[in-house]
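The primary structure of each chain is shown beneath.
Number of protein chains: 2
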Amino acid sequence: MDFFITILGSSSATFHKNRGLTSHVVSYKGDHFLVDCGEGTQIQMQRFGTPLQKISRIFISHLHGDHFYGLIGLLSTYHLFHRKAPLHIYSHRPLQEIIGLQLKASSTELSYPLYFHDLEEGQSGVLYETEDLRIETFPLIHSVPTNGFVFKERNVQRRLVKDKIKSMNLPYEAYDELKSGKDFYLDDGSLIRCDEVTLKPFLPRSYAFCSDTGYTEDFLPFVKDSTILYHEATFLTGDAPNKRLEKYHATAKEAATIASKANAGQLIIGHFSARYNMLSPLLEEARSVFSNTTPAIDGKRYVLTHESSSETVS
Amino acid sequence: MDFFITILGSSSATFHKNRGLTSHVVSYKGDHFLVDCGEGTQIQMQRFGTPLQKISRIFISHLHGDHFYGLIGLLSTYHLFHRKAPLHIYSHRPLQEIIGLQLKASSTELSYPLYFHDLEEGQSGVLYETEDLRIETFPLIHSVPTNGFVFKERNVQRRLVKDKIKSMNLPYEAYDELKSGKDFYLDDGSLIRCDEVTLKPFLPRSYAFCSDTGYTEDFLPFVKDSTILYHEATFLTGDAPNKRLEKYHATAKEAATIASKANAGQLIIGHFSARYNMLSPLLEEARSVFSNTTPAIDGKRYVLTHESSSETVS
Numbered sequence: 001m002d003f004f005i006t007i008l009g010s011s012s013a014t015f016h017k018n019r020g021l022t023s024h025v026v027s028y029k030g031d032h033f034l035v036d037c038g039e040g041t042q043i044q045m046q047r048f049g050t051p052l053q054k055i056s057r058i059f060i061s062h063l064h065g066d067h068f069y070g071l072i073g074l075l076s077t078y079h080l081f082h083r084k085a086p087l088h089i090y091s092h093r094p095l096q097e098i099i100g101l102q103l104k105a106s107s108t109e110l111s112y113p114l115y116f117h118d119l120e121e122g123q124s125g126v127l128y129e130t131e132d133l134r135i136e137t138f139p140l141i142h143s144v145p146t147n148g149f150v151f152k153e154r155n156v157q158r159r160l161v162k163d164k165i166k167s168m169n170l171p172y173e174a175y176d177e178l179k180s181g182k183d184f185y186l187d188d189g190s191l192i193r194c195d196e197v198t199l200k201p202f203l204p205r206s207y208a209f210c211s212d213t214g215y216t217e218d219f220l221p222f223v224k225d226s227t228i229l230y231h232e233a234t235f236l237t238g239d240a241p242n243k244r245l246e247k248y249h250a251t252a253k254e255a256a257t258i259a260s261k262a263n264a265g266q267l268i269i270g271h272f273s274a275r276y277n278m279l280s281p282l283l284e285e286a287r288s289v290f291s292n293t294t295p296a297i298d299g300k301r302y303v304l305t306h307e308s309s310s311e312t313v314s
Numbered sequence: 001m002d003f004f005i006t007i008l009g010s011s012s013a014t015f016h017k018n019r020g021l022t023s024h025v026v027s028y029k030g031d032h033f034l035v036d037c038g039e040g041t042q043i044q045m046q047r048f049g050t051p052l053q054k055i056s057r058i059f060i061s062h063l064h065g066d067h068f069y070g071l072i073g074l075l076s077t078y079h080l081f082h083r084k085a086p087l088h089i090y091s092h093r094p095l096q097e098i099i100g101l102q103l104k105a106s107s108t109e110l111s112y113p114l115y116f117h118d119l120e121e122g123q124s125g126v127l128y129e130t131e132d133l134r135i136e137t138f139p140l141i142h143s144v145p146t147n148g149f150v151f152k153e154r155n156v157q158r159r160l161v162k163d164k165i166k167s168m169n170l171p172y173e174a175y176d177e178l179k180s181g182k183d184f185y186l187d188d189g190s191l192i193r194c195d196e197v198t199l200k201p202f203l204p205r206s207y208a209f210c211s212d213t214g215y216t217e218d219f220l221p222f223v224k225d226s227t228i229l230y231h232e233a234t235f236l237t238g239d240a241p242n243k244r245l246e247k248y249h250a251t252a253k254e255a256a257t258i259a260s261k262a263n264a265g266q267l268i269i270g271h272f273s274a275r276y277n278m279l280s281p282l283l284e285e286a287r288s289v290f291s292n293t294t295p296a297i298d299g300k301r302y303v304l305t306h307e308s309s310s311e312t313v314s
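Just so you know, the sequences run in chain order S and P.
Each residue of the first sequence is one higher than the one before, counting from 1 in this note's numbering.
Each residue of the second sequence is one higher than the one before, counting from 1 in this note's numbering.
Chain S on its own, in the form it takes in the complex (with noise of 0.2 Å):
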């Protein structure tokens, strides 16, 4: 389990009594992220036993306060804990100046440096990338500029063949040459081939999260094959209370749609309408469409396999 989700709170604009407000932690290998931060995140993350301090980086879809009102929270509590590390943001302006004026307030002076990373309207691509993962934003349609982030698996290796090499004692060196692809000459000068002792790479996952959003097919490119899709799912078909709410927000028909057309693998709906005591009938309707839909549950984890990668992608 390298890969993972865990879903801090599910519930839009208002807090719902069993749902908090919209925050997902994506663990990859050991890194954690932070995906937005409603007001009460940090309580949820000392309930489900989020490793607080681990978090490196965190990205803001938009400045709507149930995506974003428990930063300011979180970053004092880091402060008052004495974090040392560094702690990246990304989001829409003017997030600095909010925080900043918020700081000043309380004669702040964090403990640990803080950058900001400014995502402008309509902005995609890559915001982060290491070794093994890329992160990349692409814009969505709402009210206010608004941004989705998908966290996608790169240069991913061959795999060893285990009963093979197990009796060739090879030395330490060899397994990183031949995962990468290229066969190894021993010291003998004897040639190990890469395709004789390794399988091909599993497919690379990615976790696409499409934060508040209208329809629309224009950021497809950007989550096309996800093994994980999470698309917000506000309201069913046909109870948005008014025609701007429409427009802006996706019913959970639109989720699937959208999920069938990225040929994902797994959708996870979320961002309920507070209205909604039992999700049943947002499930159905989505599964209707795209039947791997799950909805997020404040705590659950959600773990990106290997098996549950789209089995098409070549």
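Careful: at least some of the hints might be erroneous.
[As the list claims (entries may be wrong)] Quick look at which bits of chain S chain P covers, simulated, 3 or more residues with Cβ under 8 Å:
| id | region |
| --- | --- |
| 1 | 41 to 52 |
| 2 | 72 to 83 |
| 3 | 94 to 103 |
[What the hints assert, rightly or not] To spell it out: a stretch of chain S is covered by chain P in this simulated footprint if at least three of its residues, at any positions, have a beta carbon under 8 Å from a beta carbon of chain P; those stretches are:
| id | region |
| --- | --- |
| 4 | 8 to 15 |
| 5 | 56 to 69 |
[Unchecked claim] Chain S is nowhere near these chain P residues, computed Cβ spacing over 10 Å in every case:
| id | residue |
| --- | --- |
| 6 | 57 |
| 7 | 118 |
| 8 | 120 |
| 9 | 123 |
| 10 | 160 |
| 11 | 162 |
| 12 | 168 |
| 13 | 175 |
| 14 | 180 |
| 15 | 195 |
| 16 | 199 |
| 17 | 220 |
| 18 | 221 |
| 19 | 257 |
| 20 | 261 |
| 21 | 295 |
Treat the hints as calculated values from the structure; they're not laboratory data.
Note that beta-carbon positions come from the ideal geometry of N, C-alpha and C, so glycine has one too.
Once you have looked at the hints, place chain P on chain S.
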């Protein structure tokens, strides 16, 4: 039960698993006031059945996050619930600027009138009064400008002796006159003497909220004879992690000393450091100085009874 306090949070600085951040609801004869509003206050209100929409005035003691980071979320929820009733906020600057910037970032024009009343550093005196209640403020000692608040009954009326008046068949207007201390003339010219059918008023009840503060007796005149006095008690004696915190926070013993010198009827201690899982040591320390001490417990109501008023007031 026409005058009571509901504790919404009793932890200091950071959340404890059983304790939210500072917020008290003061309820007096159908009016509800909020004092401080740490992150998660609206969650606690929902959890404890607080009449969220009936809050008319909010008093923020100071601009440390654990006392006000929940405010913007509460204001937003009022908006999402289409609140129409005006809301008044009393606080130090720059709270209005902080709130304004966040509302602007989400393009929100609130559905209700919001009025800010700035507290000046060192300010004392009346903030608001009605026919039967007066709310005063007084300065405390902390690392940023900080104020306490006291809710005092005023114009407390004499009490009708039911056994004496029930056979008199008095007109409705007689009751108010007699309770206000005046004699009353019946239409036939006969006199009903106030002191024959009423008893002297109960002592006026009061609730004093002494937020974050180092030990000081300067505010004693404002909180003298409080029916219930809340005083922060962040640490046990000797437990403050450094000299700076010792200066700006109180120990359980110091809180109790203030209650004793103020001649309070009852002391509530709160704002406990998250280091304390058990509150009994803090209670024991306070009770060694002031026996009628009770801990602030999230969700608990504390009733100001006439019997609990300090009987030494003339």
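Just want to verify: residue 220 of chain P was marked as not at the interface with chain S; is every Cβ pair farther apart than 10 Å? The claim stands: residue 220 of chain P keeps its Cβ more than 10 Å from every Cβ of chain S (closest is about 27 Å).
- Message: Please check whether the beta-carbon of residue 57 of chain P is more than 10 Å away from every beta-carbon in chain S.
- Response: holds (21 Å)
Does residue 162 of chain P clear chain S by more than 10 Å, comparing its Cβ with all Cβ atoms of that chain? holds (44 Å)
Could you let me know if the closest chain S CB is still more than 10 Å away from the CB of residue 257 of chain P? holds (27 Å)
According to the definition I'm using, a residue is off the interface if its beta carbon is farther than 10 Å from all beta carbons of the partner; does residue 261 of chain P meet that for chain S?
Holds, because the least Cβ-Cβ distance between residue 261 of chain P and chain S comes to about 30 Å, which exceeds 10 Å.
Check, residue by residue, whether the region 56 to 69 of chain S contains three or more positions whose beta-carbon lies closer than 8 Å to a beta-carbon of chain P, and give the verdict.
Since 5 is at least three, the answer is holds.
Beyond 10 Å from every chain S Cβ - status for residue 168 of chain P: holds (52 Å)
Original post:
How about the region 72 to 83 of chain S: do at least three of its residues have a C-beta closer than 8 Å to a C-beta of chain P?
Top reply: holds (count 6)
Minimum Cβ distance from residue 123 of chain P to chain S greater than 10 Å, as the annotation requires: At roughly 17 Å from the nearest Cβ of chain S, residue 123 of chain P sits farther out than 10 Å, so the non-interface label holds.
Examine the region 94 to 103 of chain S: at least three residues should have C-beta closer than 8 Å to a C-beta of chain P. Coverage by chain P holds here, the residue count being 6 at a Cβ distance below 8 Å.
### Message
Can you tell me if the region 8 to 15 of chain S counts as covered by chain P, using C-beta to C-beta distances under 8 Å and a minimum of three residues?
### Response
holds (count 3)
Hey, is residue 199 of chain P genuinely clear of chain S, shortest beta carbon separation above 10 Å?
Nearest chain S Cβ is 46 Å from residue 199 of chain P, so the label holds.
The structure shown violates none of the earlier numbered hints.
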